[in-house]
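Residue numbers (this note's numbering), protein chains in the order written: chain A, 66 to 355; chain B, 943 to 1212; chain C, 339 to 654.
Treat the hints as calculated values from the structure; they're not laboratory data.
Misleading hints may appear alongside valid ones.
Here are the simulated DSSO-like cross-link-like pairs (lysine-lysine), alpha carbons at most 30 Å apart as the crow flies [claimed, not checked]:
hint: 1; chain 1: B; residue 1: Lys-1147; chain 2: B; residue 2: Lys-1115
hint: 2; chain 1: C; residue 1: Lys-396; chain 2: B; residue 2: Lys-1115
hint: 3; chain 1: A; residue 1: Lys-153; chain 2: B; residue 2: Lys-1115
Only a predicted model underlies this, so the values are computations on that prediction, with no experimental measurement involved.
As a plain string of letters, each chain reads:
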Amino acid sequence: MDFITQPVVIGLTEHAPLILAAIGFALLYKLTGLINVAYSETITLGAYFGMWLNTTYGLDFYTVLIPTGLLAGILSVVTYLAIFRPAKRRNVGTLEMIILSFGLSIFLRHGLQFVFGYPVRFYDVPPPDTIMVLDVGVTSFRLLAVISVAVLSLLLWVFIQRSRYGLQIRALANDEDLAQVSGIRPLAVTTLIWFIAGVAGGLAGAFYGVGSNVSPLLGWRQFLLILMVALVGGSWGLGGVILVGVGTAIALAAMALQFDQALYAQLVLIVAFVVVLKVRGTRLTETAKV
Amino acid sequence: MVADVVGAEAAVPAEAVTRPRIRVQGAVKSFSGRVVVDVDDLVLGDRPIQGLIGPNGAGKTTLMRMIMHSTSLDRGRIALLLASGGEVALSALPPNRMAGHGVVKSNQVIMDFDKLTIWDSLLLAVAEARYEQPHRIASERTVFDRHEGQIREYLEYFGFADPAAFAMSAGEKKLLDIVRCLLLRPTFLLLDEPTAGLPEELTEKVMAVVRDLAAGGTSVVIVEHDLNVIWSLCDEVLFMAEGSVILRGDPQAIRENRTVVEKYLGEGHV
Amino acid sequence: MNIDWLDAFLISGLFQVAMVTGLALLLHLQLGLARIANFGVVGFWGIGMYVFGVLYVKVDWPFGDPWQFLASAAIATFVAGVAGLLIGWLISDLNTDGVLVGTLGFATAVQILATTEDDFTGGALGMGGLDFPFDIGRVKDNEFLWLVIMVAVVAAILLYVWRVHRSPYGRLLIAVGGNEPLVRSLGKSTFRAKLWLFVVGSAGMGLLGAMNGVMVHYLDVGNVGVGVTLAAMVGLVLGGTARVWGGVVGVILTVGLFDIVVQSYLPLPEEWYSQAIPVLREAAFGLTLMLVLLFRPLGLLGDMRRDKLMGRIHGR
């Protein structure tokens, strides 16, 4: 059974932040239509916020999570209000919007590098407890990451499916003009979406950071995987993102156990995801409006 | 003047020509559960110019897009029956192969290239694929010289104000779309509301060109809300409602048909 | 010729400007005309550089330079073109989001392979042994001659792009960028157009990569990062994506400003050059990209003017 339980447990616990980040990214992508490359810096900044609160104020990791999530959420909203909203009002096209977010991503990443320098930094936390799950040792931080993903996804699902705001969010995603006529305030709802996405990204960053270390490239290193999970899984909704994310996490762990170089796992996943997109793309071309 | 545009073929009497036809068999298309087109067996192109009429939502535009395969079929088959007797399964071809078989459609909504001028747009339509390869960077002159005369004739006939500039008005863009279609030398031409938004004088000119084209052996199917165009232009009219063709006949017969009057024209229309 | 006034910094700065201009010109065909955002420029450039490097250093050629260089560079260009064919095929039916994944994924794959296949590439340690295919005297003379050759190659690319604007092929690319379904309905294979676009563009980027390998003498995985794509993109966007000269103007104002003016002429403390300047350069590029797209999305030169061009080449 080891060959199944090991990748499942290791994959889920090690790559839980990936799933969390993908949920946040997919939320933005599906509901606002924006591919936000700078989302990788929301993750990175989450890691830095957590580390700052942890090392400067001596808060333990669990306490740090709440303010970290809030700060990352606020940062996300600020990028929306300061950059993406004005850009949308200026009718910047879809393609240009991606390049714009790419520019923001680069700017933030190197800004961070300028401020914090090259050396990697670490959270100041006592060694985590190791808990045995199905005969595989897992640190308490990683277990907490898995639990956070589960709780946050459940909350999001309930929020979007059951609450008044959730209804408005879905309405807005379907048809902005119609939603506006029905008395929904797009600004408030969109801000909320950006906030939730930011919280998810920031928490993912904190979990990434405490798991290894913090550097300006933290988020960017994960971005391609997040993008692929969100794009491929996103077409089946939130559940699809979680499912594809879980599958990716397990596949990464399974391949890391097989290959002598961990990077090969990424390579295999890149090829697999691009092939999925290609196959799906071939079916989509017929919906041309001529 | 009109005869000049279309060329010598116009002199051939219509009866002597065998026309390409399109056969639609068991073609079904639904959008989110609602059946939009459900055509059992339909042959188009028996007569030179056929009109396709019917209330909004009857599936006229969708049927045309299914023929061009720019909308996929849920099931069914659409084939081009060539004048020479052969057969081409259009529903198995990608959209860009239609024009090569002579099947061409003009667009209902305005379709244009924002960054291309009128000349550009027309040269694009006529340029052969072999000149559009990345190493043929010196072939502009060749393409221009080969097709200049033909393009100029259309430009003058329709009276484009400044063909070196961009198409500005909706009418100009619509006309440009039609001229692009004509330049592709169609053998089966589908026109989706070609005269919508055109002034009367230009509508007349478009109709004249269509007539000449049909006389030259091209099969024309036209969807049009301006019924005057239909009654005066078409040799046969097909009435479509709820996704299928329920009646076909001479313009006069359709015009007086009880069902058509009730469902579409309304009482008091003659 | 007396080139004493040129110092090593200036030559390498000018070389960078010329090379990135070449990349921006090739990117212009994809992004500016066909509206395909290639985020994997560094991948094609990098594959050219590494294939060239491995062939030049590791293969026991029966002949010496310049043939050794020419053979290696030709194969590297070819391999980059084949990579372009593959990526072009993969992304041909995808929308902008899919293109982002495909091209970024390719660039990442190249970076991964350059790291893992260290038997060939030297991996993270890097690989030396590259040199100029000629020796005309001092290092500086060789470098200067190589700069001249690079400028000639980029000038050829510029001429090609200039001709493309005046050819049926360029018109097809602009049409593909404007309304792809409409192009298909005119009986044209947009698939084939995109495929060729990527083959030619990628091959060119690969050649520029190979030539860069010669200049730097040393291949390092750290150089195959997103910074190359960024430099080409920011130059092109600043100058104007739709214009032939957009890339030229933009790259001079961005890469030229940092790699020549700041590096050579600003009196900055020595330790800044290794640490702060490269980071500030990237941050400034990112900021420029944002500001241009927000306030002047068409770049300094503005939109293409087909009406003027058509008037000029065919008369009214």
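A quick look at each hint next to the structure:
1. Between the alpha carbons of Lys-1147/B and Lys-1115/B the distance comes to roughly 16 Å, so the proposed pair stays at or under 30 Å and holds.
2. For a cut-off of 30 Å, the pair hint linking Lys-396/C to Lys-1115/B is broken: about 60 Å separates their Cα positions.
3. With a C-alpha separation of about 28 Å, the suggested pair Lys-153/A and Lys-1115/B falls inside the 30 Å cut-off, and the hint holds.
Violated hints amount to a single one, hint 2; each of the other numbered hints is respected by the structure.
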